[in-house]
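Chains as they are written, first to last, in my numbering: chain A, 6 to 186; chain B, 6 to 496.
Hints are computed from structural coordinates only; laboratory data are not their basis.
List of simulated lysine to aspartate or glutamate pairs, EDC-like, C-alpha gap at most 20 Å: (1) B/471 - A/160; (2) B/408 - B/447; (3) A/155 - B/402; (4) B/475 - A/153.
Remember, it's a predicted structure, so these values are computed and weren't measured experimentally.
Chain residues, written in single-letter form:
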Amino acid sequence: MIDKLSEKDIRVLKLGAIGAVVILLFVLGSGWRDRWVAAKSKGTALQAKLDVIDVDKIKQAGLLSIVPAFEMPKVEDEQSFLFRDKLSEQFKKAGIKNKPLQVQPSRKSPRPGYNLLLVKGSAKCNFSQVLDFLARLNENPYLVGIEEFKIKKSDPKKPQVVDLDLTVSTFVRLGKKGGGL
Amino acid sequence: MNNHKIDVEKPKSVVAIVKDDDQLRGVELQDKNGTVELLWTRRSEGAQADWGQFAAVCGVSPEQTGPENDRRVIVGYTSAGTIFHYAMVPAVGEKEIASMVELQAESRLPLPADQIELAWRTEVVEDGQIGITMAVARKVQLKTFAESVRSLRPAKILLDCEGIVQAWRTIFSGDETKAVVLSMGSGNTQVCLVEHGRLSNAVVLDVGREDFLREAERELSETNERFSQDLRSVLELFGCSQQSDLPIFLLSDGDAFHVSIVSSLRMAQLNARVALPEVHRLQADIELDAEELYEYRASIGLGLMAFEEGDKELNIFSGVYRPAEKKEKAHWLYSSKLAGALAAFMLLLLAFVAYAVDVKSPEAIKKRLQASVSDMDMDLLVERQQLIRAVAQERPDMLHLLKLVNDSGERGISLSSLQFKKGQVVTISGQVGNNDQLRDFEKKLQETKGIEEVNCTPTTDSKGKKITFKMNFHYKNFTQKKVKRTSLGRP
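Isolated chain A, as found in the complex:
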């Protein structure tokens, strides 16, 4: 039968066959490509997460020296209570009789999903007590950072006595209750 076909017919058949193969490849290939892109992005996201967790030992040690204790933030009321409680305990441990801590309204934090809550405290105490307090402050697992710190000699006759004003911050989780790691 193929002998009866002219050269033109054979050429048309060849082109048709090539076209069919190209269409088949395109259909299969596009599905395959989509699966590949999805798998690739999934892999990239997982790898990025791994990179965050899998920090090398030196960097991890550096982080631990700055943040030796950390608790995942809770919602505002709970976090505020825990933070103030721990802060009061730390003042007490340092022998500082502080005035009641003032909680300022939480404000927006650049970190998505969290607000920043500021707690202000003040006290009249010895300079050595301030040092003792500062040395232990990092152990507060709710502390984010010191926003404001002010010490001033209150009485020239008592050089060791200082007025301390301190504002510290903590994260509060927005919305539902936070997890507990």
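Once you've looked at the hints, dock chain B against the given chain A.
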């Protein structure tokens, strides 16, 4: 020896063209099952014919006659400007022989070595001596000739006297071990010494057929005499003057004129004979006669040489003309199609492997995490780690700041306050005993790592004894406004 080997593969068909008496004469020979057959003979019309035009007349185009085809073109170069020399040298190594040949060639032609072309070949060895046939010619002449025939893409350019010798052996039935072959043209005569079937020396005499034909009866005997004398001189040059029985063959088509010349030579005590072509020695598609064979003797001879095994011809053009070489059939491994197919396969394999890795990697990472962090929520872990990092960036070390300030001051400096607020400069105030102390304090602070842009404002105490001061500076990046705004945003 020839400087390089040229195509020795036997062609199926050879077109040989020679310029003879200002006319181009071409023949085509074809190998048919081991028998060489003459297909056609052609000559150019008129004198000073153009090689390219004549090739076109002969149906020769470069596309048909390239090295990739079985049809070759052989071009004959007239030996008139070529000096031949035969010498016996000790049968030593090829390098030593080459050195001796070069020295002899330079002595034969009073031209610098860079202006001549030399071809040589070894002949038979006798009593520890080896015969060397040399051909020397001016390079510039050869280059000019090679340029004039380059459009034909000839496979070889050979000396026409070699064609004469080949023709004598083949169609004139020359089988003597040693003989002199005379090929007379209109204005000259080629005298070739043939030994063991090959040209060993040659000279071109400037006496030809026209010289004999135009002379009157009385002057003809003078021409005959001069020709005999010239021939004797040539025999002397060939070293054969004592060999009175050395056969001298005058190639002829049977013309009575040739017979008369031979007679005169014989009368001069030379062993001259007429050599007639034998038509049956060459198969032909066309009707052949002795005259035609005689006329095309040089072309036929050169054509026949192309069918012979080996490359022992004197290729004097080896330094000035290199024929296009046949592309050797590459091994199948070097096939571009195979390389393309392999490349395509490797590309597919690469794509497949990349796909498999990308698909399997997330699963592998998950498995690894499940094994290492057991039931912990990975997302929570990531978030915790990111928060710890953010906190670390937001947490200034006040103890460290106090230590830096304290270490910079000497005894006698009394600090009264220190104020730190994120995004603002750190301010300290106090008292010093004198200006030097204050300057030193400021300088040391400025040199302390982590403290920048120290500004000091001294004011004299109202009592006048001590100097009070206010100083502000930046501490790390906590007091820079832009840092405060962006640091928490970092993961």
